[in-house]
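**Q** Starting from the given sequences, assemble the full structure and let the hints guide the process.
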Amino acid sequence: MTSISKTATSDKAEQVHRVLLGKKQILVTEDEPLLVQLEQAGIHVEYQCREGYCSSCSIKLLWGNVSYPFEPLAWVQSGYLLACCAIVKSDIEIAFFD
Amino acid sequence: MSYSTFNRKQFDSTKEPMFFGENVNVARYDQQKHPIFEKLIEKQLSFFWRPEEVDLSTDRKDFQRLEAHEQHIFLSNLKYQTLLDSVQGRSPNVALLPIVSLPELETWIETWSFSETIHSRSYTHIIRNIVNDPTKIFDDIVTNEEITKRADSVSIYYDRLIEMVNIYNTMGMGTFDIPGKGSIEISMPKLKKALYLTIASVNVLEAIRFYVSFACSFAFAERTLMEGNAKIIKLIARDEALHLTGTQHMLNLMASGKDDPEMAIIAAECQDEVRQIFIEAAEQEKEWATYLFKDGSMIGLNAQILGQYVEYITNVRMQTVGLDAHFATKHNPIPWINAWLVSDNVQVAPQEAEISSYLVGQTDNSLDDSDFDDFDL
Ligand code: FES
Ligand SMILES: [Fe+2]
Ligand SMILES: [Fe+2]
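Quick note, the sequences are listed as chains X and A, same order. Each residue of the first sequence is one higher than the one before, counting from 1 in this note's numbering. Each residue of the second sequence is one higher than the one before, counting from 99 in this note's numbering.
Mixed in with the good hints, there may be bad ones.
Stated by the list, open to error - Partial pick of chain A residues on the chain X-facing surface, computed with a CB cut under 7 Å:
id	residue
1	Ser285
2	His347
3	Pro433
4	Leu439
Quick caveat, the hints were computed from the structure, so don't treat them as lab data. Beta carbons: idealized from backbone N, C-alpha and C, even for Gly.
**A** Written out as structure tokens, the structure is:
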């Protein structure tokens, strides 16, 4: 996991977590919401408002923790996350549809 | 039990269910059972806009240059949107205000419905700008068979609920012979079921049917046509995102039993019926897509692609209200729609913007209708 240690040395405060999506693995930080970081990794995620009120970016959270800097207006189903405003707090696994 | 505009009873409204409890009395928001509705009100008010602020002068020229089958697509889509907002500008008020029991929810319903009237006024603004005789277009909405079919399916649940609540308010509970309608049983479970199915069908209207129409509006704008119209639709889409969140909250609160335990039982009992409402609406929207493109497709969109989008967005919306996705389509066939749906005040990641402008160039330069005919996704 060279990329983890590389990032960790460049900024000690920065927490890096693994996001598993099918066979893919994406490294994310706690600096920005998950959606932006998935997009930077070239993964298309559905979105509309990008501020937590439309639920378009709802993704299955199979395991792991995320937190929200503010409570989203959209309903978050249990077992799902809202990618546009969720901050990843541990390694997680996500899925789009069954 | 008849409706009172100011219930004289003294009671704690935070102990009432969302619907079919006490009639509301004091419009107070210092204490709330479900603060989400107050937050939706604030957000909706912050979105306030006026159709006249959007300049449509180039749309008129664009419209005149469209081919006949493209004008058919544009106008039919606009008529459908006009129908949907005509229904939404009144029905939440007429159907839900007589039975609501929480002041914050009552005010959300009024705020929601009011914003729909802005949408309706914006269609008049658009139609006035692109044609000389708006009457022809408006008149067609009540006579065109394809549109009236849509009207039946979007109003049926509202109308049934309104009828049952009318009987309940005048006659109370029981089984009644209504001239021309036969016998109708009014009981609290029957009323609550009618309500639950109505909210589900409203969610379908706002979260699926409207998005299908947005796709058509934005397909023109992808070709840098009818861009004033797209600006208005963007503002409408921002409001609709909030509305669908409102109905999703109602449905999920009902199903969870946190609001009214009896409603949770009813929600569980009609899960199959709700699934069917979503699936049938998706089929109707696909039929509508066939009608839109009957005389020819347009660059970037045809009946097949729009049909796939219907399936995709239906899956997304079903999942949000706790239903399993029904259709096989797991990918958005028109990913460019998101860049149009996003509000202007939100920054989209720069590589996203680049991708969409690249796609616009590609569409204009190298593709024609036939390229999309056998588009396989
Ligand atoms: S994009 Fe709207 S809730 Fe995430
Ligand atoms: Fe609307
Ligand atoms: Fe709406």
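**Q** Indicate, hint by hint, whether the structure satisfies it.
**A** Results for each hint:
1. For the restraint placing A:Ser285 at the interface with chain X, the shortest Cβ-Cβ distance is roughly 29 Å, beyond the 7 Å limit, so the hint is violated.
2. Given hint, A:His347 at the interface with chain X, holds; its Cβ is 5 Å from that chain's nearest Cβ, closer than 7 Å.
3. A cut of 7 Å between beta carbons decides the hint on A:Pro433: the least distance to chain X is about 6 Å, and the hint holds.
4. A cut of 7 Å between beta carbons decides the hint on A:Leu439: the least distance to chain X is about 4 Å, and the hint holds.
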